[in-house]
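J.: Here the protein sequences come in this chain order: A and B. If you count the first sequence from 1, position 35 lands on 35 in this note's numbering, and the numbers rise without skipping. If you count the second sequence from 1, position 205 lands on 205 in this note's numbering, and the numbers rise without skipping.
Hints were generated in silico from the structure; no laboratory data involved. Please note that the accuracy of each hint is not assured.
To be verified - FRET-style restraints, in silico, Cβ to Cβ:
(1) A:PHE51 / B:ILE297: 30 to 40 Å
(2) A:LEU8 / B:LEU167: 18 to 28 Å
(3) B:TRP98 / A:PHE46: 43 to 53 Å
(4) B:SER174 / A:LEU8: 28 to 38 Å
(5) A:LEU247 / B:LEU169: 44 to 54 Å
(6) B:SER208 / A:PHE46: 16 to 26 Å
(7) B:ALA51 / A:VAL12: 49 to 59 Å
(8) B:ASP74 / A:PHE104: 57 to 67 Å
(9) B:ALA85 / A:PHE51: 40 to 50 Å
Don't be surprised by glycine CBs; every beta carbon is placed ideally from N, CA and C.
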Amino acid sequence: MRRVRGSLLTVVTWFIALLFFFPVAWMVFTSFKSEGAAAANPPSIFTELNFDQYQAVFDRGMGSYLLNSLMASVGSTLIVLLLAIPAAYALSVRPIKRVQDVLFFFISTRFLPAAASIIPVFFILKTIGALDNINALIFLYAAMNLPIAVWMMRSFFSEVPIEIIEAAQIDGANLRTEMLRVVLPILLPGIAAVALICFIFSWNEYFLATLLTTFDARTTPPFLASFVDGRGQFLAVLSAASTLAVLPVVAAGWLAQKQLVRGLAMGAVK
Amino acid sequence: MTTTLTPTGRTPEPAPPASRRAAPVHVSPAARTTARQARALVMPALFFAIALTQIPFLVTIYTSFLNWNQLRPDDIEFAWFANYASLFTGSDFLPSLWATVTITGSSVVLSLIFGLLFAILLDRKFVGQGIVRTLMITPFLIMPAAGALIWKFSMLDANVGMVNVGLNLIGIPSVAWNTDFPAVTIVMLLTWQYTPFMMLILLAGLQSQSREILEAAAVDGAGPVRIFQTMTLPHLRQYIEIATLLGGIMLLQVFDPIAIMTKGTGGTKTLSYLLYERAFIGLDIGQAAAYGVVTVIITIVVATVALRTLFRVFMEGGTR
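Please build the complete structure, drawing on both the sequences and the hints.
T.: Right, dumping it as structure tokens:
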């Protein structure tokens, strides 16, 4: 009886999960169809599948948008790590006055909506001629992700046994050796988790990208949104573009699922 | 040296305010050097955060007191609280506030309920557990712009949308979601995207429960429902609070699906979309800045007040 109930629960769980995942699966499936087949009702299941829509997407110049997204995400993630690792280290391992105040300040900036700063940011960038500039986006994304990175990184630092650091200090290690040789290696999984989450948020960001870029620095999300104005049938080509757009983050998230889950739980709960 | 190195940052809970004002202990010169080094490590990040978030916000506050319309860019003047007064006299703000509250509120509640359900389903050993978890976290990874487009054109379209295909299968006629129920489409998408986020936090909560105590309760004859009500739910409380807080704050700022799916029609013009429309289409910069300031105030209010009151009611129903 209990066994039966257990396997029934498993079946239900699987069903819900597949239903939940269905929009993604359908997107990928549609991306291999022709436009005609994608717009058919009832939906075509047994139809010829090919890569034509992917060809069409790159003909529309998606390559350069993907490249911009990559630059914005990698660049901002590097800046975040460069700033957050030392800060989190000081906030967790080394003594500093008002730790709680500083931490609270960082997390409160995360809660500041982009709407709070977009107007000055837009006009400042316009004045200095940095609209449609990928570097501007890199710095803004870094600022957007810095608080959560400091917060998460600090949680990871707190798990480093203090004895190891003290031992290094007694051995006469200076600050730099202490960080590079002793603390950093223990922290690599944590750093990977923080980097992944910063990358995801930057890659997916739409509000700033759509307002602050037009063509040269345009990233993938606003490019996708431009499909809304497309005339005629566009479901298959839109699915292909969306599949390409989500692929890096979904792949990274699946592969590094453990780090992702741990990072989110850490950042959220501790 | 090591004696003065109390790692104050290692406690997860905020220290009581009194301890911060404790009388300064004698600090050795060496410790002072370390403290200086530590400060030097924090400063770059602190400076960066202040320069890119706090200062623009202060400028936004100042801008909100200006009468500044980009249609007449030479005509900027100080207008005191005119932009705030017109929040309540104009016809845009209050409906937008209502749209923000309903969309955020229903998305948070629905994704929390589904997240809890999924977390409970995942918190047991079964065939393919890892794959199921992978499938369930995927919507959180999907680029919101792509998610919005796929839901609008592939799932909810009146003719070829798969939701309607599914409804037709069980004998329900097609629904023109995008035109008849724009707010529902937004909530559906947001619930889909935020359920995994809630699930992950709640799953962390479920898995941090002590198995022994749960087993002991079962041995003592408590049924699963009773165990869940009296032990699991109170234990989950702080996780539910954090999930709600973080999810709520992220959802308050939501912009992408509204810009892509509805363009603010049909009761979906949230504050962030209203600000965008006023600043970048209406070019009324001063008024838009006032919307920005109000959005921040609401975020702060949600983060502090709603948490305390809402949860007292929510949790005490079945637990005590």
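J.: Sort out which numbered hints this structure fails and list those numbers smallest first.
T.: Those not satisfied are hints 1, 5, 6, 8, 9.
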